[in-house]
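Asks: Could you build the full structure based on these sequences and the hints that come with them?
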Amino acid sequence: MAGWEANIRFGPQAERTEPQIVEVPALQEQADLLMPDVRGLSLAEAKQVMADLQLDPAGIKLTEQEWAGEPGVVIAQDPVVGEKSKPVVHLTVARSAVVGNYVGLPQEEVVEALHALGSDAVIKFAFDLTQRSGTVLAVEPAPGEPLPPLVEVTVAQAGSSAALHTLQTAEVTGSRSDCRKSEVTIEGRGYPDALRCSTAREGEPTSTVWLVGKHGSVLSAGVGLADTGKADSTARVQVLADGKEVAALDVSYGKLAPVSVDISGVLRLEIVTSSATGADVYLTDAIVKGTDSDIDQLVTEK
Numbered sequence: 014m015a016g017w018e019a020n021i022r023f024g025p026q027a028e029r030t031e032p033q034i035v036e037v038p039a040l041q042e043q044a045d046l047l048m049p050d051v052r053g054l055s056l057a058e059a060k061q062v063m064a065d066l067q068l069d070p071a072g073i074k075l076t077e078q079e080w081a082g083e084p085g086v087v088i089a090q091d092p093v094v095g096e097k098s099k100p101v102v103h104l105t106v107a108r109s110a111v112v113g114n115y116v117g118l119p120q121e122e123v124v125e126a127l128h129a130l131g132s133d134a135v136i137k138f139a140f141d142l143t144q145r146s147g148t149v150l151a152v153e154p155a156p157g158e159p160l161p162p163l164v165e166v167t168v169a170q171a172g173s174s175a176a177l178h179t180l181q182t183a184e185v186t187g188s189r190s191d192c193r194k195s196e197v198t199i200e201g202r203g204y205p206d207a208l209r210c211s212t213a214r215e216g217e218p219t220s221t222v223w224l225v226g227k228h229g230s231v232l233s234a235g236v237g238l239a240d241t242g243k244a245d246s247t248a249r250v251q252v253l254a255d256g257k258e259v260a261a262l263d264v265s266y267g268k269l270a271p272v273s274v275d276i277s278g279v280l281r282l283e284i285v286t287s288s289a290t291g292a293d294v295y296l297t298d299a300i301v302k303g304t305d306s307d308i309d310q311l312v313t314e315k
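Those letters in the sequence shown? Residues 14 to 315, by the working numbering.
These are computed hints drawn from the structure, not numbers from a lab.
Take these hints with a grain of salt, some might be off.
No more than 25 Å apart at the CA atoms, straight line, and that leaves these computed lysine-lysine pairs for BS3-like [stated by the list, open to error]:
id, residue 1, residue 2
1, LYS137, LYS97
2, LYS60, LYS194
3, LYS227, LYS194
4, LYS257, LYS302
5, LYS227, LYS137
6, LYS137, LYS74
7, LYS268, LYS243
8, LYS97, LYS74
Replies: In structure tokens:
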């Protein structure tokens, strides 16, 4: 029995079976992981998202860029969303930007400059004959202020016009109103589309109101008396914007007086005429000027 035991301990081991090795799959390599979308996150949030997906945040390389809105936010990434990750991830982070001095520049140039900084332009048109059409007149916020995602840009527009006699009039309580389209000759020149505003006797004023609904920018006209009238004829003309006098002039026989009035934001345009001699007053080439869209709406509402 003792010899058998010794044989068991020291005998040949040719029949020994090697232990079975079970391979456990390794963790997916970082190079096989897809890049998440970290745009719009803070840098700390972006690093946490990458760490949660087993992407090494230590491989991040940062670049700062002036950008609209909140600073410190990720605005670009490489690799892009859905690409296989790389050992080095490039993140671009927003740095505070301010509104530039864009007044006087072309609209297209300003819009491109804002887009390059992550801001969109909200375009408003304003009637302005002193500036080339398409020139930026104003920006809001003002130059030097922090740049938001949206900037209001006011742009000059030569615009169009509508003849005053084609616009809608309103009743004036307690006042005689009589301005009608009529032909007239003043200073030897004929005006086929003039407005004849009849006046009451003994200097009593008459009034006509046009509803412009804040769609006009400028009232332009000539004011005079007919060549067929008496040589001693005189009259007075007042222009009121929402009840406030914005222009007044005295006219006499043989002279055509120009009038140009800012009516921006005006709802009711009123012209009051009076004549101690009972002469009718004529408005020649009377038009309301404004942006294309404003005039289109003004004509539509008549």
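Asks: Hints first: check each against the structure and report whether it holds.
Replies: Tested hints:
1. Distance check on the hinted pair: LYS137 and LYS97 sit about 44 Å apart at the alpha-carbon level, beyond 25 Å; violated.
2. Only pairs whose Cα atoms come within 25 Å are accepted, and LYS60 paired with LYS194 is rejected, the gap being roughly 75 Å.
3. In summary, the hint linking LYS227 to LYS194 is supported, as the alpha carbons are separated by about 24 Å, within the 25 Å threshold.
4. For the given pair, LYS257 sits about 20 Å from LYS302 by alpha-carbon distance, which is consistent with the 25 Å threshold.
5. The hinted pair formed by LYS227 and LYS137 meets the criterion: a straight-line CA distance of about 15 Å does not exceed 25 Å.
6. Taking the CA atoms of LYS137 and LYS74, the gap is near 41 Å; set against the 25 Å cutoff, the hint is violated.
7. Straight-line distance between C-alpha atoms of LYS268 and LYS243 comes to about 13 Å, which keeps the hinted pair within the 25 Å bound.
8. With a C-alpha separation of about 17 Å, the suggested pairing of LYS97 with LYS74 holds against the 25 Å cut-off.
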